[in-house]
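Chemist: Residues per chain are reported as follows:
Number of protein chains: 2
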Amino acid sequence: MTEKILIVDDEPALRQMLGLALSGAGFECIEAADAEKAETAIAAGAPGLVLLDWMLPGVSGVDLARRLKRDARTRAIPIIMLTAREEETDKVRALDVGADDYVTKPFSIRELVARIKAVLRRTAQEETRDAIEVEGLRLDVRTHRVTARETSLQLSPTEFRLLHFFIAHPERVYTRGQLLDQVWGNNVYIEERTVDVHIRRLRKVMGPHGYDRLIQTVRSVGYRFSAQ
Amino acid sequence: MTEKILIVDDEPALRQMLGLALSGAGFECIEAADAEKAETAIAAGAPGLVLLDWMLPGVSGVDLARRLKRDARTRAIPIIMLTAREEETDKVRALDVGADDYVTKPFSIRELVARIKAVLRRTAQEETRDAIEVEGLRLDVRTHRVTARETSLQLSPTEFRLLHFFIAHPERVYTRGQLLDQVWGNNVYIEERTVDVHIRRLRKVMGPHGYDRLIQTVRSVGYRFSAQ
DNA sequence: GGAGATTGTCACACAACCGTCATCATACCG
DNA sequence: CGGTATGATGACGGTTGTGTGACAATCTCC
Numbered sequence: 053m054t055e056k057i058l059i060v061d062d063e064p065a066l067r068q069m070l071g072l073a074l075s076g077a078g079f080e081c082i083e084a085a086d087a088e089k090a091e092t093a094i095a096a097g098a099p100g101l102v103l104l105d106w107m108l109p110g111v112s113g114v115d116l117a118r119r120l121k122r123d124a125r126t127r128a129i130p131i132i133m134l135t136a137r138e139e140e141t142d143k144v145r146a147l148d149v150g151a152d153d154y155v156t157k158p159f160s161i162r163e164l165v166a167r168i169k170a171v172l173r174r175t176a177q178e179e180t181r182d183a184i185e186v187e188g189l190r191l192d193v194r195t196h197r198v199t200a201r202e203t204s205l206q207l208s209p210t211e212f213r214l215l216h217f218f219i220a221h222p223e224r225v226y227t228r229g230q231l232l233d234q235v236w237g238n239n240v241y242i243e244e245r246t247v248d249v250h251i252r253r254l255r256k257v258m259g260p261h262g263y264d265r266l267i268q269t270v271r272s273v274g275y276r277f278s279a280q
Numbered sequence: 053m054t055e056k057i058l059i060v061d062d063e064p065a066l067r068q069m070l071g072l073a074l075s076g077a078g079f080e081c082i083e084a085a086d087a088e089k090a091e092t093a094i095a096a097g098a099p100g101l102v103l104l105d106w107m108l109p110g111v112s113g114v115d116l117a118r119r120l121k122r123d124a125r126t127r128a129i130p131i132i133m134l135t136a137r138e139e140e141t142d143k144v145r146a147l148d149v150g151a152d153d154y155v156t157k158p159f160s161i162r163e164l165v166a167r168i169k170a171v172l173r174r175t176a177q178e179e180t181r182d183a184i185e186v187e188g189l190r191l192d193v194r195t196h197r198v199t200a201r202e203t204s205l206q207l208s209p210t211e212f213r214l215l216h217f218f219i220a221h222p223e224r225v226y227t228r229g230q231l232l233d234q235v236w237g238n239n240v241y242i243e244e245r246t247v248d249v250h251i252r253r254l255r256k257v258m259g260p261h262g263y264d265r266l267i268q269t270v271r272s273v274g275y276r277f278s279a280q
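Chains as they are written, first to last, in our numbering: chain A, 53 to 280; chain B, 53 to 280.
Hints were generated in silico from the structure; no laboratory data involved.
Same chains, same label: a pair holds when it works inside one copy or across any pair of copies.
DSSO-like mimics (lysine-lysine), calculated; alpha carbons at most 30 Å apart, straight line:
| no. | residue 1 | residue 2 |
| --- | --- | --- |
| 1 | LYS169 | LYS157 |
| 2 | LYS89 | LYS157 |
| 3 | LYS157 | LYS56 |
| 4 | LYS89 | LYS169 |
| 5 | LYS169 | LYS56 |
| 6 | LYS56 | LYS89 |
None of these values were measured; they are calculated from a predicted model.
Please work from the sequences and hints to get the whole structure.
Modeler: What follows is the structure, given as structure tokens:
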């Protein structure tokens with residue numbers, strides 16, 4: 053997973069130097085000379101991180117950062133600001149504006165790469181937080197959403213609960229009775245065959261994406277959710 | 053800007069351990085053994101974040117969380133819950149109650165600190181942000197004005213508060229109860245169905261500009277504001 | 001004090017969802 | 001290779017949850 057990094061700086065020399073250095077560190081780089089070009093570049097293909105110069109002609113780096121953090125589509129993209137001076141106020145403002153980190157010029161490439169990696173690690177961690185994922189099938193409790201490789205699936209409430217239980221307790225067989233207790237709750241008297249029907253409905257939704265194979269029938273016992 | 057963190061746990065050993073670890077990470081810590089002590093501590097001086105154990109003697113952590121989120125004075129204080137088991141239902145309930153995040157025991161200090169910082173960063177950003185924008189729909193907190201691609205929308209006060217909450221907390225489902233707590237405030241007893249009506253009114257205003265799709269119904273759960 | 005806006009509630013309409021059954025397909029058994 | 005047990009599937013009322021329009025009470029601003 054090579055991350056794409058957008059370098060925004062008006063000095064061609066510095067831009068090129070950074071591009072070379074970061075490419076050497078294993079990142080894919082694209083460049084932009086000003087805020088406007090940066091925005092079109094971002095619209096074209098969201099980068100994994102933006103390296104942003106504090107001073108830019110026209111719309112300043114600070115303003116661009118603020119704009120990116122204000123828009124929901126780009127808010128998640130981490131930003132590292134390059135500040136020229138060692139001014140305390142600059143640091144504070146950089147973080148105020150929503151930048152994830154800042155580096156003061158002059159800086160060593162080693163330090164910059166370390167910071168980039170740290171920021172990427174942090175944001176990657178946050179993204180996958182409390183979502184359960186199996187082979188690209190992802191269930192997020194927070195948003196109450198199920199996605200199969202980016203495309204979101206439409207589940208009914210019971211289907212969601214059933215899948216939630218399965219994906220949280222994989223690799224084990226459950227009888228229809230157990231499933232009724234766990235997914236429907238105790239003290240409900242429902243036909244065991246009803247489980248079959250919901251299993252089928254769940255499979256039907258996941259089928260088009262090939263995930264129906266995860267729900268396996270164990271004859272004369274029950275069902276199992278398994279990644280193999 | 054060292055943040056003050058209130059640790060609520062009935063086990064003195066764990067409390068002390070957490071206190072030491074978080075102090076080491078640069079936070080100022082205060083402790084409380086039960087919900088009652090926690091509330092007096094909060095009244096004495098609002099902490100920047102509450103670390104709350106799921107199980108507490110007397111008033112449980114869940115109840116305390118709900119109470120804090122229901123009270124307008126303490127609603128803004130972020131809460132991270134410590135859940136003992138890996139039980140999925142606990143996580144769901146933690147979020148139901150209004151907690152901002154949760155950590156399952158056993159956890160590493162590193163992880164806990166990371167989550168605390170993440171939550172603090174998120175909430176700090178929310179406060180300083182004077183305008184929020186999603187796909188051209190823009191809500192300006194300062195001027196109390198909402199615009200959809202330049203054309204301004206006419207919202208009633210309640211509609212504005214509802215949209216404000218949604219746009220500041222996107223991508224997460226909220227039950228009608230939570231929305232009542234967050235948008236209407238404390239100690240109000242209002243029918244949950246009333247939320248439906250305001251959702252509809254909000255959709256009606258945003259509909260002509262195509263933004264009604266951002267407010268999504270999650271059947272048998274609640275509503276979600278989402279850019280997808 | 002009054003016109004208009006706002007708000008909470010209700011009743012009804014409508015759509016989604018759920019549980020059940022009958023029937024068909026498949027696996028297992030001797 | 002039939003017969004039987006078990007699961008898959010499609011269809012169908014009944015139920016539940018949400019959308020919507022109306023209305024009275026309340027509030028706001030002249």
